[in-house]
Amino acid sequence: MNKKTFLIFTMPSFIMMVFFIAIPLFLVFFQSFHFKQDILEIVEREKCDPFGCKTEILKVPVLDEKGNRSKINIWVGWENYKNILKFVDLNSIIQNNGYSWSAIQSIDFYKALRFTLTFTFITLPFVLIFGLCLALCVNNLVNRLKGPVIFITLLPFIITPVIGSLSIKWLFIGDGIITSFLEYILEKDISVFAKAWSIELLVLFYKIWHTTPFAFVIFYAALQTVDKDRIEAAFVDGANRFQRLRYIVIPHIMPLIVFVTLIHLMDAYRVFDEIVGFSAEGFLNSLQWMTYDFLRLDDSGSRYIGRASATSMLTMIGIVIILIPVLRRVFKEQKEKRN
Amino acid sequence: MESKLFNLSLTLKVIVGISIMLWTFIALFPLLWVLIMSIKLPVDSFAANPLNVIIGPNTLKQVGGLSFINLMFLCLSIYIYFKFFKSRENYFLKINNLTNNKLISFLLLILIFIALFLALFLFLNTHIANFLNNFFEYVPFLKILSKPLIGFTTKHFIAVWAENEFYKQFLNTAFVTLGVVTISLTVGTLAGYALSRSNTMIAFWLLVAALVFRALPHSVLVTGYLELFIDYGLYGKKIAVIILLVAINQPFTIWMLRSFFMNIPQDLDDAAQIDGCNSFQAFWMIIMPLMWPGVITTGLFSFLLAYNDYLVCALLLDGQSQTMVPAIMQYFNMETTMTDLVESIAAAASITLPLFILVMFFQKQIVSGLTQGSVKG
Chain E
0 MNKKTFLIFT
10 MPSFIMMVFF
20 IAIPLFLVFF
30 QSFHFKQDIL
40 EIVEREKCDP
50 FGCKTEILKV
60 PVLDEKGNRS
70 KINIWVGWEN
80 YKNILKFVDL
90 NSIIQNNGYS
100 WSAIQSIDFY
110 KALRFTLTFT
120 FITLPFVLIF
130 GLCLALCVNN
140 LVNRLKGPVI
150 FITLLPFIIT
160 PVIGSLSIKW
170 LFIGDGIITS
180 FLEYILEKDI
190 SVFAKAWSIE
200 LLVLFYKIWH
210 TTPFAFVIFY
220 AALQTVDKDR
230 IEAAFVDGAN
240 RFQRLRYIVI
250 PHIMPLIVFV
260 TLIHLMDAYR
270 VFDEIVGFSA
280 EGFLNSLQWM
290 TYDFLRLDDS
300 GSRYIGRASA
310 TSMLTMIGIV
320 IILIPVLRRV
330 FKEQKEKRN
Chain H
0 MESKLFNLSL
10 TLKVIVGISI
20 MLWTFIALFP
30 LLWVLIMSIK
40 LPVDSFAANP
50 LNVIIGPNTL
60 KQVGGLSFIN
70 LMFLCLSIYI
80 YFKFFKSREN
90 YFLKINNLTN
100 NKLISFLLLI
110 LIFIALFLAL
120 FLFLNTHIAN
130 FLNNFFEYVP
140 FLKILSKPLI
150 GFTTKHFIAV
160 WAENEFYKQF
170 LNTAFVTLGV
180 VTISLTVGTL
190 AGYALSRSNT
200 MIAFWLLVAA
210 LVFRALPHSV
220 LVTGYLELFI
230 DYGLYGKKIA
240 VIILLVAINQ
250 PFTIWMLRSF
260 FMNIPQDLDD
270 AAQIDGCNSF
280 QAFWMIIMPL
290 MWPGVITTGL
300 FSFLLAYNDY
310 LVCALLLDGQ
320 SQTMVPAIMQ
330 YFNMETTMTD
340 LVESIAAAAS
350 ITLPLFILVM
360 FFQKQIVSGL
370 TQGSVKG
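These protein sequence lines are chains E and H, in that order.
First residue of the first sequence? That's 0 in numbering that gives the first Met the number 0, and the numbers climb one at a time after it.
First residue of the second sequence? That's 0 in numbering that gives the first Met the number 0, and the numbers climb one at a time after it.
Calculated directly from the structure, the hints in this document are not laboratory data.
Where hints are given, some of them may not hold.
Only pairs whose alpha carbons sit at most 20 Å apart, straight line, appear in this in silico DMTMM-like list of lysine to aspartate or glutamate [as the list claims (entries may be wrong)]: (1) K35(E) / E226(H); (2) K85(E) / D292(E); (3) K110(E) / D88(E); (4) K70(E) / D230(H); (5) K3(E) / D268(H); (6) K2(E) / D268(H).
Quick partial rundown of chain H residues pointing at chain E, CB under 8 Å, derived from the structure [as the list claims (entries may be wrong)]: (7) V221; (8) L243; (9) V245; (10) L354.
Derived CB-CB ranges, DEER-like [said to hold, decoys possible]: (11) T224(E) / I79(H): 32 to 40 Å; (12) L84(E) / W283(H): 48 to 56 Å; (13) M71(H) / L116(E): 49 to 57 Å; (14) S18(H) / W196(E): 26 to 34 Å.
Ideal placement from N, C-alpha and C gives every residue a C-beta, glycine not left out.
Put together the whole structure using the sequences plus the hints.
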């Protein structure tokens with residue numbers, strides 16, 4: 000394929016990615032140093048209903064001559080970052096309390112960072128191990144049962160994350176069936192959604208439930224391509240089942256373990272839907288949820304675009320740091336393939 | 000030797016069996032429980048005894064339920080549907096002989112499946128089953144067959160879809176997903192094809208860039224454009240959401256389509272070009288007809304991305320233009336009574352059902368799509 004046709008074919012996709020991914024990145028970078036907001040003025044308005052009149056105090060956006068909302072847009076330097084990272088507060092907390100986790104957690108950003116990282120890295124080994132075990136089990140199943148089991152396994156993965164979280168949440172709410180069951184066994188009242196740690200446990204469980212099928216499908220397909228002769232040879236040499244798994248099967252599927260790790264890190268780092276589904280925002284906070292919260296209209300009807308941009312930038316720096324080791328490996332492989 | 004090597008000992012067999020049973024239970028239970036709760040009155044949905052939730056004594060008393068006949072019909076319809084589904088390839092070939100166009104016959108087949116579904120579940124299971132129920136009531140010994148056994152009410156579904164106008168959100172979702180799938184695929188197939196046939200440095204860097212873009216949190220992209228969308232009146236317009244979702248989906252689409260195109264030997268292109276096709280003709284007339292499985296698979300994943308999205312839709316749409324998933328959360332925040340809660344459960348069940356059917360139909364494609372990207376990429 001010559002260069003010209005290549006360019007024509009890739010142009011739409013390229014334009015799409017430049018306009019809607021690359022340029023927004025620059026905009027976010029730019030916005031993160033600005034303070035942007037609608038100018039609001041406080042208006043007193045008399046509101047009357049049959050029971051008498053009340054004066055209300057409202058915040059109303061100021062309109063310019065054309066009838067658009069007027070905005071302030073000023074360069075604030077690192078102010079947005081300072082507002083999020085709160086180094087001054089952090090410093091005083093450390094001086095007063097030493098390096099105490101719970102005190103540092105009172106600042107939203109560190110709370111979000113802590114949860115996002117825990118979520119990403121704690122679920123990873125579970126997903127890999129459960130996925131592999133499940134793949135080994137299904138691989139040894141009677142052929143007739145394989146189809147239905149794969150069908151059922153795919154369901155948690157395909158389900159809308161918010162709905163999946165809700166469906167697990169409904170089992171654990173006040174009169175949910177599992178709560179009732181636990182109360183019956185333990186003979187005491189249980190309220191899962193009153194404590195941060197129990198919610199966090201549920202969110203982690205949800206993620207493992209949701210992603211294990213993905214790891215399973217990949218590993219299961221890889222198991223079909225394991226060289227049977229090598230396993231037989233190992234068997235003749237006296238390797239037991241575990242040794243065959245350890246020295247033949249796992250090295251064979253290693254590239255796919257890396258692949259699942261890569262995808263899982265990317266997806267888990269974006270944790271957001273789970274927090275919405277479990278309505279956990281009072282207790283848990285993730286980086287992407289912080290951005291979302293800044294972008295939402297708050298009570299006075301304004302959005303904090305600047306702060307959202309700063310959080311976005313910090314989030315991106317985080318994902319780049321996490322992915323560097325994995326990406327370097329992928330990069331090397333691709334380069335080797337080309338040579 | 001083969002058999003001795005690959006057969007499991009009895010202990011291992013038991014372990015495998017138990018773990019599979021345990022997993023299928025864990026995987027299925029939350030979803031099935033949502034379905035069961037959604038067809039019961041609130042008293043039964045949140046009863047402490049699981050048997051009461053399944054049978055629903057209060058629902059039986061107040062609304063009625065499914066009799067033995069109903070259950071028979073239900074099993075029968077599911078059986079018929081599966082039978083029909085299993086021989087779908089035969090039917091496809093038959094229709095194809097009539098129409099001579101693969102796309103049209105594919106759409107026709109889907110229409111037939113939908114029609115069959117409606118006929119079975121809206122006619123056979125309701126009207127005919129009710130008629131038989133009424134009939135057997137007057138037969139002395141067979142009366143027991145028409146006695147309601149399991150509590151069942153569609154009250155919440157009706158409340159959600161008719162009174163709360165959930166169908167509007169459904170139409171919004173349909174519009175958004177359709178837009179995302181078509182645009183993603185059109186743009187993606189062109190790029191995926193070019194990338195699979197090129198070994199230049201540009202192609203390599205484009206793929207690496209796409210991989211990095213795939214890692215970006217979606218909120219970043221919304222942050223960049225939210226302000227502009229609001230200023231230019233695109234806020235609350237579905238087209239804005241479609242564009243953003245297509246962009247978010249693009250890196251994934253081109254990677255997956257590229258790996259599907261790589262399965263098609265390049266000799267075919269060369270042969271076509273020797274026969275006098277230009278690149279575009281070769282792509283459209285020779286390669287694309289072989290690509291349909293790949294396109295369908297990639298389309299499925301684009302569909303899932305758009306259908307499941309919460310973040311982009313919640314930030315860019317509001318009120319009347321909202322899609323189903325964010326709408327259900329707003330529903331959920333409003334909820335004050337138990338009935339509201341069960342209604343939102345019914346809404347959740349309605350969102351889940353299309354996905355159930357999707358997995359049933361396209362299990363093979365989903366599995367092949369997931370493995371394609373990994374093995375070739």
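How the hints compare with the structure:
1. K35(E) / E226(H): Holds. K35(E) to E226(H) sits at ~10 Å (cutoff 20 Å).
2. K85(E) / D292(E): 18 Å, holds
3. K110(E) / D88(E): 14 Å, holds
4. K70(E) / D230(H): 11 Å, holds
5. K3(E) / D268(H): 16 Å, holds
6. K2(E) / D268(H): Judged against 20 Å, a Cα distance of about 16 Å means the pair holds.
7. V221: 7 Å, holds
8. L243: L243(H) check passes; min Cβ-Cβ to chain E is 6 Å, inside 8 Å.
9. V245: This hint holds: V245(H) lies near chain E, its Cβ roughly 7 Å from the closest one there, short of 8 Å.
10. L354: 5 Å, holds
11. T224(E) / I79(H): 32 to 40 Å: 38 Å, holds
12. L84(E) / W283(H): 48 to 56 Å: 53 Å, holds
13. M71(H) / L116(E): 49 to 57 Å: With a Cβ separation near 54 Å, M71(H) and L116(E) satisfy 49 to 57 Å, so the hint holds.
14. S18(H) / W196(E): 26 to 34 Å: 28 Å, holds
Hint compliance for this structure: no hint is broken.
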